[in-house]
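Asks: Next come the chains, spelled out residue by residue.
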Amino acid sequence: MTGLAKLRDMGASLIALAPIRWVALFLVSAAIIATASSSYREIDKELTTVALLRREAVARIAATTMAEKFGRIVDVAISLATRVRFRDLVTRGKWEEAIKIMRDVPRDLPHIERLFLTDAKGTLQADVPALPGVRGTNFAYREWYQGVSRDWRPYVSPVYTRAASPQINVFAVAVPVKNAGGVAGILVLQIRVESLLEWINAIDTGRQGFVYLVDSKGQVAFHSRHPDRPGITDLSGTPMVDKLLRGEHGVETGLDPVENEEAIVAYAPVPGYGWGVVSQQPLHASLAFAAKEAQLRRLLTGYGFILLLCVLAIFMASRIAGERRRAEDDRRMKAELEQRVIERTAELEVANKELEAFSYSVSHDLRSPLRSIDGFGQALLEDCASRLDDQGRHYLNRIRSSTQHMGQLIDDLLKLSRATRTEIRREPVDLTQLAQSVITGLEIAEPDRKVECRVQASMVVNGDPRLLRIVLENLIGNAWKFTSRTAQARIDMASFPDGADNRAYYVRDNGAGFDMAYVDKLFGVFQRLHTPAEFPGTGIGLATVQRIIHRHGGRAWAESEGGKGASFYFTLGPFSRPTPQKEQS
Amino acid sequence: MNMNELTILLVEDNPDDEELTLRALRQNNIMNMVDVARDGAEALDYLFCQGAHKARDPSQKPAIVMLDLKLPKIDGLEVLRRIRADERTRLMPVVILTSSKEEQDLLKSYSLGANSYIRKPVDFNQFVTTVGHLGLYWLVLNEAPPR
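For the record, the sequence lines run as chains H and C. Under this note's numbering, think of the first position of the first sequence as 2, with each following residue one higher. Under this note's numbering, think of the first position of the second sequence as 30, with each following residue one higher.
Derived from the structure by calculation, the hints contain no laboratory data. Just so it is clear, the structure is predicted and the values come from calculations on it, not from any experiment. The beta carbon of each residue, even a glycine, is placed where N, CA and C say it ideally should be. Just so you know, not all the hints are guaranteed correct.
Keeping only pairs whose Cα atoms sit at most 27 Å apart, straight-line, the calculated DSSO-like set for lysine-lysine is [stated by the list, open to error]:
1) K102/C / K83/C
2) K354/H / K130/C
3) K451/H / K482/H
4) K90/C / K137/C
5) K137/C / K354/H
6) K354/H / K99/C
7) K137/C / K102/C
8) K218/H / K244/H
9) K354/H / K102/C
10) K130/C / K102/C
11) K482/H / K137/C
Taking beta-carbon pairs under 7 Å as the criterion, some of the chain C residues facing chain H (in silico) [unchecked claim]:
12) N43
13) D45
14) E47
15) L49
16) K99
17) S128
18) S129
19) V151
20) F153
Turn these sequences into a full structure, and let the hints steer you where they fit.
Replies: Now the structure itself:
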């Protein structure tokens, strides 16, 4: 076996192992799933980034907006505080007059709830609109005072609840009123937290999105989803607010414990004021997320299809491999069968050779001693006749006739064996001519016999002429023999249609016939239905006939009515019709 | 040349057959000298005057060789082949005298150039007749090839 064939066989046996299919399926599936999950992650990350960036942008816009608004209020406060006359009045302690200048400010700027003046120590000196009983109260504890007094720069305070009624949530913008000598007082604008509402509402926070403001103390200054929530929620200490207060910005996703939902949370500091903006949107409401989900669904569907196709392909491939394997098996089996046929044929040829050798041996070696017996018997009769009496001569004659019978037996056996082993060579044979030649031979051998022989004209068949001659020699010879005691002996040979396109042939005589009870024995070797004294014979002739007929693919049978003759029939099989002879010039 | 001076070479290993053949020849009044070789090798020695027959006169060629096919040492067909292959014996009449009626033997014998093929009958009377015909034909009727 060559290496290639070995490899092929190995491959075949590998394919034959069903698990290889599953291993392949597993590997391909794993590869596809890996690719799918990596691109899933990639796209997920990308689209999440988009969604987060969008949210962060909202937070930044909100923060910028807030910074701008705060800046404007601070600008307003500064422009008020720097009015020359106002500064003058404050410096001179003329608080009432100074505040009067501001009287119209809350009306013009509706966010401003109140506006008051304190001295540099934080003691309220005048307010608009005026509240009873607060003048002279020191507010140095308030954040706005601590914020502004730190470095005497404008300051936006955290949210706080107003001490006086109505106790609403406000924050303060405090600016120092400075003169040449230093800080003369502080102008404080108290601003309603509600005013943040309209500022924030101007920002598009996205579907179900909301924004809340965290002041510099980490308290929720304003919540766009819950604008009316009373009290002040302190969020300082939470990690995100800590980051915000440190001036960091960012975006995260996670469970919002307050809203109890998965949300995208972006945060950005309001630059310059210590505040921060948090922009939040439930995950499910994010259009970008929805788009992402859809995209990922499409992706997964696509990969699912690919996986399905691969499974299908592997299935088909294994089917094809199976087919090929079966074809290969068939081919191999056929080759084996052919090999076996070749071997059997060779064995048969050997057996045939042996049989031939045996026949040869029989033909040659068995006959020699017979010839010796006969020859010396004859010599005895001739040379020693005077010393033999009639009895002795009788015995010698018996010996000689036996040897001759045995010679005939040997010859007939050889004919039978030849009928069995010679190859059939089909050619057109004129049975009519053949029969007539056999009859002529019989007439020459026994010229005293008077037998009326009739042979149907032009019976031509396709068969082996030598073997068919043996058939007719036997059948006509039998007819000749068994009519030897019949007065007006007659032998007919003719044919009749047998089936669609075949013919049966028969040899009929009016001789001794046989008992139909023994018809089964008729064609057996050494079977005789008559004693040698009645009719001589070896019992091999009809066996030979039958074997030749069988070898032609035909069949032989016989009919008889005891004492009224016998008919022997035969057909010559499906190839017996002679092919039309080509006209030869 | 007297007909009786012609020699017959009988190649026959079976002493019975040898004796019966000689008897048949005598019964047919064929009184020619009959030399007998008992196997194929001896037959060739005789014909080519070699071995045990070294002393034989090579000019004395048998008028006819009666050759059995089944022989010890060298079989009849091989003897025939060598006879036909040698210039000295190429034209010598060879009659195959055997028990075999096998088609193969017939075919091979004629292919190798046998002049005649006779199957020895079991019936001795027939055998005598056959041998008579044989002697009459080859020794009397047939014109031998020029020597």
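Asks: K90/C and K137/C were given as a pair; does the straight-line alpha-carbon distance stay at or below 27 Å?
Replies: holds, 25 Å
Asks: Sort out whether K482/H lies within 27 Å of K451/H, counting only the CA atoms.
Replies: holds, 12 Å
Asks: Using 7 Å as the Cβ threshold, decide whether E47/C counts as touching chain H.
Replies: violated, 10 Å
Asks: Decide if the proposed pair is consistent with the structure: K354/H and K99/C, CA atoms, cutoff 27 Å inclusive.
Replies: This hinted pair holds, its Cα atoms lying about 17 Å apart.
Asks: Below or equal to 27 Å on CA atoms is what counts here, so check K218/H against K244/H.
Replies: holds, 12 Å
Asks: Are the Cα atoms of K354/H and K130/C separated by 27 Å or less?
Replies: holds, 17 Å
Asks: Would you check whether V151/C satisfies its interface hint, that is, whether its CB is within less than 7 Å of any CB in chain H?
Replies: Given a least distance of 3 Å, the restraint on V151/C holds.
Asks: Mind checking the alpha carbons of K137/C and K102/C for me, to see if they're no more than 27 Å apart?
Replies: holds, 19 Å
Asks: Report holds or violated for the interface hint on K99/C, using the least CB-CB distance to chain H and a cut-off of 7 Å.
Replies: holds, 5 Å
Asks: Holds or violated: S128/C as interface residue toward chain H, Cβ cutoff 7 Å?
Replies: At about 4 Å, which falls below the 7 Å cut-off, the nearest Cβ of chain H leaves the hint on S128/C intact, so it holds.
Asks: Does D45/C meet its interface restraint, that is, does its C-beta lie within less than 7 Å of any C-beta in chain H?
Replies: holds, 4 Å
Asks: Hey, K137/C versus K354/H, does the alpha-carbon distance stay inside 27 Å?
Replies: Given pair K137/C, K354/H holds - Cα atoms ~17 Å apart, limit 27 Å.
Hints 11, 14 from the list above are not met by this structure, while the remaining hints are.
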